[in-house]
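The primary structure of each chain is shown beneath.
Protein chains: 2
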Amino acid sequence: MSVHTTLDLATGGDPFGDAVREVWEAGGRPGVSYEIIERDDGLITANDVHRYFAPHPEWAPLEQRLCERAGQRVLDVGCGPGRHAVHLLAQGHRVLGVESSPGAADVARLRGVETLTTTVETLTPDIGSFDTVLLGGQNIGLLGNREKAGDILRRLAAVTAPGGSLLGVSVDPHTLTSAWNRAYLERNLAAERLPGQQRLRIRDGITSTPWFDYLYASATELAALTEDTPWQVHELVRHEKQYLAHLRRS
Amino acid sequence: MSVHTTLDLATGGDPFGDAVREVWEAGGRPGVSYEIIERDDGLITANDVHRYFAPHPEWAPLEQRLCERAGQRVLDVGCGPGRHAVHLLAQGHRVLGVESSPGAADVARLRGVETLTTTVETLTPDIGSFDTVLLGGQNIGLLGNREKAGDILRRLAAVTAPGGSLLGVSVDPHTLTSAWNRAYLERNLAAERLPGQQRLRIRDGITSTPWFDYLYASATELAALTEDTPWQVHELVRHEKQYLAHLRRS
Chain A
0 MSVHTTLDLA TGGDPFGDAV REVWEAGGRP GVSYEIIERD DGLITANDVH RYFAPHPEWA
60 PLEQRLCERA GQRVLDVGCG PGRHAVHLLA QGHRVLGVES SPGAADVARL RGVETLTTTV
120 ETLTPDIGSF DTVLLGGQNI GLLGNREKAG DILRRLAAVT APGGSLLGVS VDPHTLTSAW
180 NRAYLERNLA AERLPGQQRL RIRDGITSTP WFDYLYASAT ELAALTEDTP WQVHELVRHE
240 KQYLAHLRRS
Chain B
0 MSVHTTLDLA TGGDPFGDAV REVWEAGGRP GVSYEIIERD DGLITANDVH RYFAPHPEWA
60 PLEQRLCERA GQRVLDVGCG PGRHAVHLLA QGHRVLGVES SPGAADVARL RGVETLTTTV
120 ETLTPDIGSF DTVLLGGQNI GLLGNREKAG DILRRLAAVT APGGSLLGVS VDPHTLTSAW
180 NRAYLERNLA AERLPGQQRL RIRDGITSTP WFDYLYASAT ELAALTEDTP WQVHELVRHE
240 KQYLAHLRRS
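Chain order of the listed sequences is A and B.
The letter at position 78 of the first sequence is residue 77 when you use numbering that gives the first Met the number 0, and the numbering goes up by one with no holes.
The letter at position 242 of the second sequence is residue 241 when you use numbering that gives the first Met the number 0, and the numbering goes up by one with no holes.
Calculated from the structure, these hints are not laboratory results.
Note that CB positions come from ideal geometry on N, CA and C, so glycine has one too.
Hints may contain errors.
Cβ-Cβ distance ranges computed for the label pairs, FRET-style [unchecked claim]: (1) B:E239 / A:R28: 16 to 26 Å; (2) A:A178 / B:T117: 25 to 35 Å; (3) A:A182 / B:A25: 36 to 46 Å; (4) A:H238 / B:S128: 21 to 31 Å; (5) B:G162 / A:R181: 30 to 40 Å; (6) A:T176 / B:E21: 41 to 51 Å.
With the hints as constraints, model all of the structure from the sequences given.
Given below as structure tokens:
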């Protein structure tokens, strides 16, 4: 093993939105474009963006269960091109999407999903009141890190009716056993970060997002993050390395 | 746009071989693993590794034509898991593969292709004499750069019978018109490199190859590289941004 220097990258553009739009324009088929996610230790993964268009029967089991628990008025946070939202609309729910990628938000709108182009970190109560906040597709990750999570949970509570629910899926970081994931977790602990905090960026062609924090939290860690917020853990459903979290708003 | 610092990457392992092996073990189906190729200006692309297992009817037109021109004894340079070689064997040719990725070479052998795990830069005449040297899948790129190309062409001539052929596909770099590709070409020219020289690395999971040079040469540039070698351009077939080059050994 030898160590290499790497490039500096200019950030800008809409790498995720560009990839989503390409797949949409190709009719949602596989093999068109890929979401490339890079972690700051060099771990890199690619996924076919087609998965964000997959119909309900092809979803992972926890994603299906998530939607079964949704109330009438749903805020779909990080909705992408509307995988969950299109399904929920067809089931008679009312849905508002929130998506930070302009390209992905545009595609969600083309598919009939009313969508705000904004981030969860800047949501304000004027968007309305919802029975369910949905953080599908591992979007509990959008809580980011220990410092941001409380603020985001309170912002989400402010748009949820009393007794309403927050439904999300996360990966339990303690189930990731490869040498590099264990080393990453250890470095987080040494720096007093949550063990599952991931520093990521999304790349496509010549564009890259800035680095951002994306959180894998265990159920226990998630419960701790709800302290000083109106949320309480109501139900947990585990499946392999992931779990469904069902929080209730007081 | 803001500029970001990035990580240093340890190099090692066999990122391409790991990705190929995963697809092979999954029966060659799509959606299993991706080849992530990064250029030193930050351009990043992903391809489904399934394409290296695609059967002959699914190949690009120039790749099909390439194999139609092959002689009896074929040296398949950069054979990967044997896309061309398996087809040529079925057509009655004799084939020796050359592949630098140990994992990809292993899969080629499992598919019945006799394969040397080595690089084209270190080929020696003791491997035998061939009627055709095949550089399929844009593998004219393995000529690397102006400095290396002559040596590699002479090494390939030394294992080709007089009157034999070199068959390859390349991308004409002058057909790449995006702003970043034009800027990359300009930087190459300013540094007195061939315009289509690409500095690349392949990444998978936590592993990366070192940076290596991969050459896109126009037909004119390729002809110039054959000076002081036993090769001469015999036939060119253009198709969109690519062309098939058919060289003859004197």
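Right, here's what the structure says about each hint:
Checked against the hint of 16 to 26 Å, the pair B:E239 and A:R28 passes, with Cβ atoms roughly 21 Å apart. Separation of A:A178 from B:T117 is about 29 Å and conforms to the stated range, judged on CB atoms against 25 to 35 Å. At about 28 Å, the beta-carbon gap between A:A182 and B:A25 misses the expected band of 36 to 46 Å. For A:H238 and B:S128, the hinted distance range of 21 to 31 Å is not satisfied, since their beta carbons lie about 58 Å from each other.
For the pair B:G162 and A:R181, the beta carbons lie near 58 Å from each other, so the given range of 30 to 40 Å is not met. For the hinted restraint 41 to 51 Å between A:T176 and B:E21, the CB-CB distance of approximately 18 Å leaves it violated.
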